[in-house]
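Q: So the chains spell out like this:
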Amino acid sequence: MNTNMERVLRLQDVKMRFLDNQVLKRINLDVYRGQIIGYIGPNGAGKSTTLKIILGLLEGYEGTVEVFGKKIEIGNVDYKRKIGYVPENAEVYDMLTASEYLTFVGEMYGMDRKQAENKALALMTELGMESAFYERISSYSKGMRQRVLIVASLLHDPDLIFLDEPLSGLDANSVMIIKDLLAELAARGKTIFYSSHIMDVVEKISNRIVLLVDGEIAADGSFDELKNSSEKGSLEAIFNQLTGFESHQETAENMVNLVMGEEQK
Amino acid sequence: MKELRILQVLDFFQGFFRFFQVDYQAMRSILEVKLTMDQRRIPTVFQANGTKPKEGNQFLKMLGIYVLYSLLIVPFLFFGDAYMFQMSIIFGIAFFILMTAMISDFSAVLLDVRDKVILHTKPVDARTISAAKMMHVFIYMFLMTGSFIAIPSVVMLAQHGPLILLLFLFEMFMALLFIIALTAMIYMVILHLFNGEKLKDIINYVQIFMAIGIFIGYQIVARMFNVVEMDLVYTFEWWHVFIPPMWFGAPFELLFNHHHSPGISIMALFTVIVPIIAIYLYYRLMPSFEQNLKKLMNVSITRKKKSRWTALAEKVCCRSKEERAYFKFASSLIRRERDFKLRVYPSLGLAIVFPFIFMFNQMEEGGFQGLGETKQYFFIYFSLIIISTVVHMLQYSERYNGAWIFHVTPSENPKRLYSATLKAFLVQLFFPIYLLLSIIFVFIFSYHIILDLIIIGITAILYTLSCYKIITKVDYPFSKKMESASQGGMTILYFLLMFVVGVFTVIHFVVSLVPYGSIIYMLILAFITWVSWAVVFRKKPAN
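Protein sequence lines correspond, in order, to chains A and B.
Per the numbering used here, the very first residue in the first sequence carries number 50; after that it's consecutive.
Per the numbering used here, the very first residue in the second sequence carries number 13; after that it's consecutive.
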């Protein structure tokens with residue numbers, strides 16, 4: 050890894066446990082400026098937990114987390130100014146209109162009200178949502194909500210952007226926009242931390258892939274590096290291999306048998 | 013967003029918030045958003061008939077009730093210059109009403125963690141978020157107090173003059189601060205001591221105990237003076253210091269009756285110092301409060317053993333397989349949904365206390381011995397009046413969207429879901445409490461009253477059904493959105509429903525005077541209940 054680059058995020062020996070469940074077992078990760086990190090792993094591997102720790106939503110972890118070269122501490126929220134976040138399960142105040150919600154989020158990041166509203170409108174217009182801008186989010190479709198969340202994460206011009214399954218619910222055209230958007234942001238020096246289950250997308254847009262299995266980093270490198278080491282052709286196949294899952298066909302067959310009430314093989 | 017007038021008022025005090033290191037602009041934005049959301053009640057996605065959705069802040073519409081309540085305290089203003097007496101009573105009532113509202117309606121706001129992902133990922137410190145929450149509650153409590161003391165203030169001005177009124181308004185403000193800070197701090201302590209899932213249960217029990225505590229406190233205040241003999245001269249006892257409403261009577265006694273005893277002076281001092289200390293402590297502990305609140309988010313997966321009680325109840329009260337499934341579903345929701353519990357459990361506490369309160373009022377003359385021969389066990393009817401609130405709450409859920417499942421599944425008779433839910437409420441919440449009360453009552457009044465207790469139990473079922481018919485506007489339970497501002501369910505309707513309990517009580521009382529009246533009444537009542545339950549939840553004929 051190129052050490053001349055500016056380090057944006059560093060996790061050192063981060064461990065997290067919920068009661069008897071060791072969710073993260075020693076995570077070490079350095080992230081540099083301009084990288085697009087695809088953070089992947091099976092359900093329950095600890096991806097969201099990692100994001101929550103970095104964003105200060107979870108405490109009680111061991112180890113240190115540094116953002117922009119400074120250790121994050123309880124009570125110090127300043128580092129969040131330069132972070133954007135698209136949460137996984139679309140939490141929004143949906144009684145508000147997109148205009149109100151986005152303006153509010155902008156203000157939370159210290160933007161001026163008018164400025165936040167104009168910028169939000171301009172961004173939403175780019176995504177083809179100017180007509181819905183003054184309607185309540187509760188009336189939106191899933192894809193529309195997702196676009197609001199994406200705009201909300203970018204409004205304040207963050208340097209480090211976390212996206213948890215950002216493409217869910219988006220149509221094919223929007224997916225293309227967002228993919229290019231991420232590439233463009235990275236090219237201009239933003240750092241993207243991207244978590245998803247859709248392997249094709251991760252494969253295409255990430256320049257570094259981090260695979261988390263059972264709270265540990267099982268693989269870390271560019272797609273080509275992973276491909277060379279595992280001799281598989283697609284990220285999906287690599288993912289299956291590294292997570293030790295080979296029996297998908299058999300499982301599928303068993304399930305159909307169960308659904309149709311036949312004897313299980 | 014419409015500019016909110018209340019926030020413009022708040023702007024005058026920005027210096028105050030800045031002094032306490034609160035980011036005023038951020039707090040104002042959060043408040044603006046929250047208040048705007050309170051004004052927009054969204055009707056359920058699955059609104060059955062095309063009724064036009066009502067908009068507007070439901071809370072503000074409820075303020076009228078508090079004006080009505082305030083008439084209660086007006087008579088006390090005519091006790092001449094027995095300030096200690098009248099003010100203690102007035103503050104006692106005020107404490108009771110405000111604190112009840114605080115526990116049942118605003119706990120949800122204080123303990124809200126739903127928007128954590130939105131707010132805590134922003135560069136806003138915990139203190140500001142907490143201050144916003146506090147002000148959100150404060151604004152409503154302030155309006156509530158305002159409507160509660162409006163009429164009494166006018167009477168007071170006419171009766172006692174402007175000086176007393178000024179002192180009264182000041183003391184009322186202090187009392188309000190005290191109540192909010194006290195409630196918040198009780199939660200803080202609990203949040204600090206306990207973890208995760210357990211915490212949620214404990215908070216519910218604490219709410220019950222707080223509700224009971226306030227009631228008892230109120231009773232003590234009322235009993236402190238011997239009104240019957242019109243002897244209103246106040247004598248200080250050391251333990252009065254532990255009863256906050258008494259404090260608030262003291263400054264009046266001190267300043268206007270020139271009653272300078274040390275006891276009175278100390279209590280008068282308390283009304284100023286204690287609220288300030290409470291608010292200061294709250295301010296100091298605020299950040300850790302927000303941190304600890306996160307515990308509420310932790311989902312620990314504890315698999316509880318299947319309760320035998322539920323399994324038995326399920327077999328006894330539900331006949332079809334479908335209804336049993338619904339019953340189990342409703343029982344789980346009733347026991348697990350935190351928001352529901354936060355709002356309902358305090359009233360369950362009241363159900364336990366209500367009958368005793370009124371009984372003790374009567375007991376003054378006869379004492380405990382005489383009680384056994386009276387018909388005072390009829391006061392157990394008071395435990396029924398909470399049913400309307402709970403039936404109202406059964407319409408709501410935090411996860412109201414989940415109700416789509418009932419729309420897509422092919423149910424034989426969709427009404428059975430509600431029938432099963434009401435049964436689940438009765439079995440899981442009401443009857444355990446009623447049973448407890450009954451045991452205590454049998455102990456006090458002897459086993460002769462068992463028949464009457466059965467009658468009242470059946471009445472509770474019939475009353476639940478009536479409440480459902482009158483209140484419920486949705487096809488499926490748990491299908492309306494739970495709002496942050498109060499939906500506490502106190503409208504004229506609920507007073508009327510309380511009146512229905514009164515009617516049942518009178519009928520029961522009258523038939524109990526007739527030989528064999530009770531037993532015949534019980535049979536008739538059981539029959540009516542059985543038939544009407546079947547009729548209300550019968551299958552709609554296919555069109």
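Simulated from the structure, these hints should not be mistaken for laboratory data.
Here a beta-carbon is modelled for each residue, glycine too, at the ideal position from N, C-alpha and C.
Hints may contain errors.
[Stated by the list, open to error] Derived list of chain A stretches under chain B, where covered just means 3 residues or more per stretch with a C-beta under 8 Å from a C-beta of chain B:
#, stretch
1, 154-161
2, 225-234
[Said to hold, decoys possible] Label-pair restraints from in silico Cβ distances:
#, chain 1, residue 1, chain 2, residue 2, range
3, B, Ile214, A, Arg130, 44 to 50 Å
4, B, Leu293, A, Ser187, 46 to 52 Å
5, A, Lys228, B, Leu19, 49 to 55 Å
6, B, Glu249, A, Ser187, 53 to 59 Å
[Said to hold, decoys possible] If you want the ones that stay clear, here's a sample from chain A, every Cβ over 12 Å from chain B, calculated:
#, residue
7, Pro91
8, Thr146
9, Asn167
10, Met178
11, Lys253
12, Ser283
Q: Against this structure, judge whether each hint is valid.
A: Status of the hints after comparison with the structure:
{"no.": "1", "hint": "154-161", "result": "holds (count 5)"}
{"no.": "2", "hint": "225-234", "result": "violated (count 0)"}
{"no.": "3", "hint": "B/Ile214 - A/Arg130: 44 to 50 Å", "result": "violated, 37 Å"}
{"no.": "4", "hint": "B/Leu293 - A/Ser187: 46 to 52 Å", "result": "violated, 39 Å"}
{"no.": "5", "hint": "A/Lys228 - B/Leu19: 49 to 55 Å", "result": "violated, 41 Å"}
{"no.": "6", "hint": "B/Glu249 - A/Ser187: 53 to 59 Å", "result": "holds, 57 Å"}
{"no.": "7", "hint": "Pro91", "result": "holds, 18 Å"}
{"no.": "8", "hint": "Thr146", "result": "violated, 8 Å"}
{"no.": "9", "hint": "Asn167", "result": "holds, 16 Å"}
{"no.": "10", "hint": "Met178", "result": "holds, 19 Å"}
{"no.": "11", "hint": "Lys253", "result": "holds, 27 Å"}
{"no.": "12", "hint": "Ser283", "result": "holds, 33 Å"}
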